[in-house]
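Peer 1: Place chain B with the ligands on chain A using the hints.
Number of protein chains: 2
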Amino acid sequence: MSNETAEKKMIRGGQFIVTETAAEDVFTPEDFSDEQQMMKESVREFVDKEIVPHKERFEKKDYALTEEVMRKAGEMGFLGIAVPEEYDGLGMGFVSTMLVCDYISGATGSIATAFGAHTGIGTMPITLYGTEEQKKKYVPKLATGEWFGAYCLTEPGAGSDANSGKTKAELTEDGKHYKINGQKMWISNAGFCNVFVVFARMGDDKNITGFIVENDPSNGISMGEEEHKLGIHSSSTRQVFFNDCLVPVENMLAGQGEGFKIAMNALNVGRIKLAAACLDAQRRVISLATQYANDREQFNTPIAKFGAIRKKIADMATNAYVGESASYRAAKGIENRIHARQEAGETFAQSELKGVEEFAIECSILKVAVSEDMQECADEGIQIYGGMGFSADAPMEAAWRDARISRIYEGTNEINRMLAVGMLVKKAMKGHVNLLEPAMAVGQELTSIPSFDTPDYSQLFAEEKEMLAKLKKVFLMVAGSAVQKLGTELEKHQQLLLAASDILIEIYMAESAILRTEKNVNRSSEEAQKEQIAMSKLYLYKASKVIQAKAEEGIAGFAEGDEQRMMLMGLKRFTKYANLPNVIELRNTIADKVTEENKYPF
Amino acid sequence: MSNETAEKKMIRGGQFIVTETAAEDVFTPEDFSDEQQMMKESVREFVDKEIVPHKERFEKKDYALTEEVMRKAGEMGFLGIAVPEEYDGLGMGFVSTMLVCDYISGATGSIATAFGAHTGIGTMPITLYGTEEQKKKYVPKLATGEWFGAYCLTEPGAGSDANSGKTKAELTEDGKHYKINGQKMWISNAGFCNVFVVFARMGDDKNITGFIVENDPSNGISMGEEEHKLGIHSSSTRQVFFNDCLVPVENMLAGQGEGFKIAMNALNVGRIKLAAACLDAQRRVISLATQYANDREQFNTPIAKFGAIRKKIADMATNAYVGESASYRAAKGIENRIHARQEAGETFAQSELKGVEEFAIECSILKVAVSEDMQECADEGIQIYGGMGFSADAPMEAAWRDARISRIYEGTNEINRMLAVGMLVKKAMKGHVNLLEPAMAVGQELTSIPSFDTPDYSQLFAEEKEMLAKLKKVFLMVAGSAVQKLGTELEKHQQLLLAASDILIEIYMAESAILRTEKNVNRSSEEAQKEQIAMSKLYLYKASKVIQAKAEEGIAGFAEGDEQRMMLMGLKRFTKYANLPNVIELRNTIADKVTEENKYPF
Ligand SMILES: Cc1cc2nc3c(=O)[nH]c(=O)nc-3n(C[C@H](O)[C@H](O)[C@H](O)COP(=O)(O)OP(=O)(O)OC[C@H]3O[C@@H](n4cnc5c(N)ncnc54)[C@H](O)[C@@H]3O)c2cc1C
Ligand SMILES: Cc1cc2nc3c(=O)[nH]c(=O)nc-3n(C[C@H](O)[C@H](O)[C@H](O)COP(=O)(O)OP(=O)(O)OC[C@H]3O[C@@H](n4cnc5c(N)ncnc54)[C@H](O)[C@@H]3O)c2cc1C
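Chains as they are written, first to last, in this note's numbering: chain A, 1 to 602; chain B, 1 to 602.
Extracted from the complex, chain A is given alone in its bound form (with noise of 0.2 Å):
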């Protein structure tokens, strides 16, 4: 089979907006092979017995105590899980590194900073650019934990705008070495590592280069004293100085001016993993506040018979199930396309980049929705503490402040609202994703005269997916007036932008956890994924409220008149539930199950 073949054959990333998806193509977490069932109870119990007893000292800022359990996390291969076989790692699938992100990430965001930015950021560039010579130097030793990596991009100038940076590396006279001038910020277990992927200039070049520069302090390479964080506390993050460092001309990554393409690469993969490093830390902090609002009584009641706080467990509940759902679903997308790349005869490193590449929407979407899905939960987790989740001796305090972070580094949430939807356009511009054709059957549907048929909406779900392409309609009714009008010039429309983007994110998240759960209904009974159906039907409703605001925003924004009037009619009938879903007894249906288990029981 032709690459081109292979590909034609796959879900493209982005295409979900103008497809409907089938239950049985998608993956979810009730999918999990044996192997990864185990990997995920070995984390698991590595988390609960390496982690949370020591959660004061993690909020004490006990950095050494974080490289030691990245130590021993090395030692039980979990660094390498994404690291080919060949070079010291387990070499498994995109899916399995997900997956252990996920359950090491959900005790301590330092750990889930550390483990992020080592195995991702740190030891990924190299993995996937590195030359043989030195994927053979640097890699069996990240994937072991014998060393650890950090990753240079930040710098006091240059945060989002990742390609402006100051430092600068120049050719040394005898050519055998690279000498780099820059001061680097904001560098995640900078304190610690022993190898750096820094990203510098060479002379006036467009783009910024990467290399591999080993930390070496008689080597120029000096740091400032640890940030003091809101968060994260057992995290290093410190600034780096590179003074007339020197680092030899094989250590380049990739060529020269291909810093900005790995840089943003490696954010990619790097999104998603973050997506997947807030689950865990959910599910945890659901079954903490469960676990307390059973216990706890007032007015001679446990308080998780009160309505305010049953609202609270089955938001968390459902946002986290939703999340999963989204994230396994993407993930196995990527998996999928690397493989098919893989069987293709594409190296591995090539085939990895660019199945990652083309799921770049996703991971966008993903870093956003679960980041802000993991803020909301801690937060809530600490109101259902009353006082004591104020207390530093509670457990989502931590949580909370933690949380904060996800929303602020790998691209911070505006960047990757506007990047989603911008990517998305420039695959249809591309051909990739088709965008054009649909938007037009939209804007002819909404001149036409709506069809007053009663559909069937007797089997599972059968509203639900109405509901979701009437969803897709109203992103394709808004952003393709905005393209087709602002053209180019939408990239300043950026309160625009957002309010496309957040259409689009909810689009993807609800259709992710109906098809998880109507694919799972399938192979047991409604009676069964009770409650999942309940999930789903509740996320979807609250998507659709955000949507039909944020569409009618966008809408006064752009449109005027007659044409305003059209599109409004038209979003009313795309938002327009034919049965109106009774949320607060979708709520309680979730609220029994959670509650009666007394943990996150999906």
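Hints are not guaranteed to be accurate.
Copies of the same chain look alike in the list, so a pair counts if it works inside one copy or between any two.
Claimed, not checked - Pairs of lysine-lysine, BS3-like flavour, derived with a Cα cap of 25 Å:
1) 426 x 492
2) 60 x 72
3) 492 x 40
4) 545 x 572
5) 492 x 179
6) 136 x 72
The set of hints was computed from the structure by calculation and includes no laboratory data.
Peer 2: Below, chain B with the ligands without anything else, positioned relative to chain A:
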């Protein structure tokens, strides 16, 4: 004029939901007297001089610094604003009390809490319920900051259920003392206070009783260590243990079993002041974030020019403006009521208590709305700072942590939400607010044919006022039907209550901003109030969206079939704009002004 007549002439608390208030009848921050302006300036100067420069010490748990600043605030007279002159206070009105609370609280939550606990719940119970002897003995010391007060209500088992405490008080055999035994928790100012207001139960009384207890370690009073908290790091918070603590009989506050009433009334005042205490903190965060956004460049552009940032700044400014509008509107309502009662011959204490109690609904509304706006404001402040926002050296980090407590204490926001609607229903039952007739009128309107006239919207806020009137109908429709259907069972339907409460809250907040702006336009011009008009419109639009969603949730929760359809039709009609506002444009108008002035300018 008799009491009755005076009462009838005044706006009653909660009445806003069924009447149209004239702009001329609301008080706005632009109505501050010269004396109030001076007070505001002097408090602000005090904060800039005594608090801002020591920010780092406040974060490092420097409890002594809090005490020192409080002592200085006492020297300035700030602790005695609300205390009558005869007890060495300044005897200023309720608006001035709010104003000082507002401006003294902006720079750190530690002082906000210490100030609130001392002047509010620590001092007011004695001022309002004390005997002449008690007042003479304690109030002057508290008003001047010679002594500090604290308030001991909460216990490990009694938080939201404040009347369920286990602390006991029993008369000693000689009849000269009460002996207090029990454990109090989360007591603000405990570490440096001289006198406690303690609530304890006599025998098997249904209600608790209040006592004035001097802090004397040799009298069976001991304390836990300082609690480790998420925020307000220099606010002293300790457990307080009473072990055969002897209190002279003359130190009982009001009568036996009167404590719960005292506690609840103290909380009413505490709540509206807590709203005030979240205002200047917002202004300061907005100003700092705006300055940062104007300075910080990415992509060769000050980030303040990006739509994503402008949206945040506009939303933050709008919420702060709305919060100010509603807080001072309610404060003046209370002040007027107090004044009228005093005119009618009531005592200071009596009129003060009844005046605040009358507006207990607004107090709860404000507590919830403004505390949540503050959290949101700090959160966006962090996001505008990017990675720097996560640094403990950036100003938002502490603001975000400090803000978290305001949603928990003085009654959690859940409790206050439910109280707001609960109290309104009770007021209606008592005939103090006529909900029934308007609710029935809405019921009739639902079944009648709507008018298709196009109203004249040429006057400023014509459409907005119509929208407000319609949103009130939404509340009456939802709450009215809920009461009708569920009667006293309504209390058990908390999700419904919460939805109704959000509707109530949004209406009060939106209306307050519109009335403030209208009043100011009438004395200047639309041009001069361009941005305030934009903020009022933006907030109302967002409120209408929240209200639409919450009402729909409620309706789906208790109505089915034809009834549901009818109510949803009504809801559609009641939330529909004839001219959809362009919120993107509104935000741009607001952001232009804030970024130009480089601070919160309203
Ligand atoms: C704890 C921590 C750990 C980190 N670890 C690492 C690491 O290991 N390696 C590394 O290289 N970096 C790391 N970072 C840096 C991180 O990736 C950056 O902080 C992040 O990319 C944001 O950049 P910035 O802080 O410069 O914010 P800015 O880019 O200055 O952003 C400020 C605000 O402006 C907005 N903004 C910026 N540009 C635009 C635009 N074009 N349109 C609209 N809005 C815009 C942002 O969304 C944000 O709200 C870390 C940061 C922290 C805080
Ligand atoms: C920093 C700090 C300072 C404080 N200062 C003081 C002080 O000076 N003096 C003092 O007396 N107290 C003080 N408090 C205590 C504070 O008032 C209580 O924490 C607060 O009233 C909540 O009570 P709780 O913590 O017991 O929570 P709980 O009442 O146990 O509430 C837990 C959760 O259940 C919910 N809940 C409870 N009852 C119901 C219900 N009937 N229906 C629905 N939901 C319900 C709550 O909303 C919350 O989400 C302070 C607390 C803190 C953290």
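Peer 1: For every hint, state whether the structure bears it out.
Peer 2: Comparing the hints with the structure gives:
| no. | hint | result |
| --- | --- | --- |
| 1 | 426 x 492 | within (15 Å within a copy, 52 Å between copies) |
| 2 | 60 x 72 | within (20 Å within a copy, 34 Å between copies) |
| 3 | 492 x 40 | neither (44 Å within a copy, 41 Å between copies) |
| 4 | 545 x 572 | both (11 Å within a copy, 14 Å between copies) |
| 5 | 492 x 179 | neither (38 Å within a copy, 71 Å between copies) |
| 6 | 136 x 72 | within (22 Å within a copy, 67 Å between copies) |
Checked against the numbered hints above, the structure violates hints 3, 5; every other hint is satisfied.
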